[in-house]
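Q: Using the sequences and the hints, build the whole thing.
Residue numbers (the numbering used here), protein chains in the order written: chain A, 1 to 421; chain B, 1 to 139.
By construction, these hints were calculated from the structure, which means they are not laboratory data. Every residue, glycine too, gets a C-beta built ideally from N, C-alpha and C. There may be inaccurate statements among the hints.
Have a look at the derived ranges for each label pair, beta carbon to beta carbon [to be verified]:
| id | chain 1 | residue 1 | chain 2 | residue 2 | range |
| --- | --- | --- | --- | --- | --- |
| 1 | A | Met-222 | B | Gln-108 | 16 to 22 angstroms |
| 2 | B | Gly-92 | A | Pro-84 | 51 to 57 angstroms |
| 3 | B | Ser-9 | A | Asp-199 | 51 to 57 angstroms |
If we take Cβ atoms under 10 angstroms as the criterion, some of the chain A residues that face chain B in the derived model are [stated by the list, open to error]:
| id | residue |
| --- | --- |
| 4 | Ser-137 |
| 5 | Asp-141 |
| 6 | Glu-145 |
| 7 | Ala-148 |
| 8 | Pro-153 |
| 9 | Ala-160 |
| 10 | Met-164 |
| 11 | Pro-216 |
| 12 | Pro-232 |
| 13 | Met-233 |
| 14 | Asp-279 |
| 15 | Arg-280 |
| 16 | Thr-289 |
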Amino acid sequence: MAIQPKLGRSVALVGAGMSKFGAFPEKASRDLFVEAFQEMRASVSRGLDPRDIEALYIGNYSSDLFEGQGHMAPLMADWVGLTPRPAIRVEDACASSGVALRQGIIAIASGLYDVVLVGGIEKMSNLSTEKVTDALSTASDILYEIPAGFTFPGFYAAMATAYMDRFSATPEAFMQVGMKNHDNGALNPKAQFSASIADVMEGKQRRAQARGLPIPQWTDEMDFLHDNRANPMIAWPLRLFDCSPISDGAAALLLVGGELADNFCTDPVYIIGSGQASDRSMHDREELTSIGAAVLASQQAYQMAGVSPADVKVAEVHDCFTIAEIIATEDLGFFEPGEGFVAAEEGLTTRNGLRPVNTSGGLKAKGHPVGASGAAQVVEIWKQMQGLAGERQLAADVEIALTHNVGGTGQTCVVHIFERR
Amino acid sequence: MNQQPFTESTFQSYLARHKLMASRCSACGALHLPPRPLCPDCFGDDLHWTEVSGSGKLLAFTVIHIAPTAMIEAGYGRDKPYVVAVVVLDEGPGISAQLLGVDAANPQTIAVGMPLRATFVERGEGEGQRTFLAFQPAD
Ligand SMILES: [Zn+2]
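A: If you want it as structure tokens, here you go:
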């Protein structure tokens, strides 16, 4: 266990793209994947002949339950013209495409392939909210957790009650995370919610007025977020605006051997750290105010990369629920345990803060098509590092960045570190 | 020793008799709840069933307002939220279960760390009847 993990060969990211995230009744998952693939292809600055791609690693949680479609990898390969190349589906719940990325990295580092396509795809909006809740529940322990009545929001809400008890945090800190991520999402044309909380409030007022209904009044965003009608409770203390939405979407990344990167791209991004760990069900953990697998995965990634948390200029973290972002910023070493919520309240994780987190809008505002989320996090890092993030582009140069992708309640966590040289 | 298999099915048949049973590793003494056929601490597979006291304390909880279909069928949902908990037993292991006898409408009154004891809930009719583990405040 003391072996220091190292990549046997350097690995570069030379292209990245994603579909629009949202609810698209007229599109199947394959259509979204094509959209992501085409954006990825266009992003390869020196051009990509798709025939150079040797294998596909496709993150997908449960097209079987969401769409009645299994065996996704060869189907996605076909739809982007890559038959008969080997196509591998990777499933680790909401960390599926973060883990697919890691598998792609391992395949290139081993020398087996030079050019690999990493994808992520999920199409969730065909099902009712109840059926989506049931489908997501299969990522936990169906024998011992689900019969108790737990749901996914419920698991994270339980972490929130443990966190609030231990650190005297209040739900207002969680609301700050939601507001910040909506502010970022409002600047992301790919986001499911391209609206700040203030925009959402105005929209509700306009619609009430148009229908001749009494116009709701709130003194500010916090007042709105405390309104049980506007922001109903899902699992105490988490409300609707603490939860990522039901989403459709896809993402695609192009990895090549580091020595080949300049053939594809004028400004490649190198993947210098990768870590992954597992954990038991929540009731089998010592404490619930931290995700142990995230701590371990990030330690591995920092060690491999030879960087420390202070070097990370921007991070995309797995904010499936607002409390999850706060815990992530502690598990990744950005803030001490119990100080993540203070940092959120003080605005340290905003775009202009000391440590920008989820500039894309995060899972909360960008959307959370679960199997695509890990790869889509990398798309944001790519854009920030290329200076292509538009209105949400960070002022400072991003030399080192990190992604943190969690499956289930932390039974899987995968962390990657990126460098622009 | 004539031990029942260390499966969820056996665990469930004990629950139906209102017994909360765990597996204990004969080699290293570790206690496992949920029960397991292989000790993850020492890889031993010589185990025995042992009854646990059912007293413990609240590690974390939530009040579920948007319920899964199985709980909607049991009568819960937006109009009748319910409390679920992670409970740490006095013997050490933790378990997930519904928390009864607390005020779901006032979660501020539910305290992490509060002492709890196990109870058993029957749901469903005839063939579909099943016993569920739950907890309630100890006093
Ligand atoms: Zn043992």
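Q: In ascending order, which of the hints set out earlier in this document are inconsistent with the structure?
A: 11 and 14
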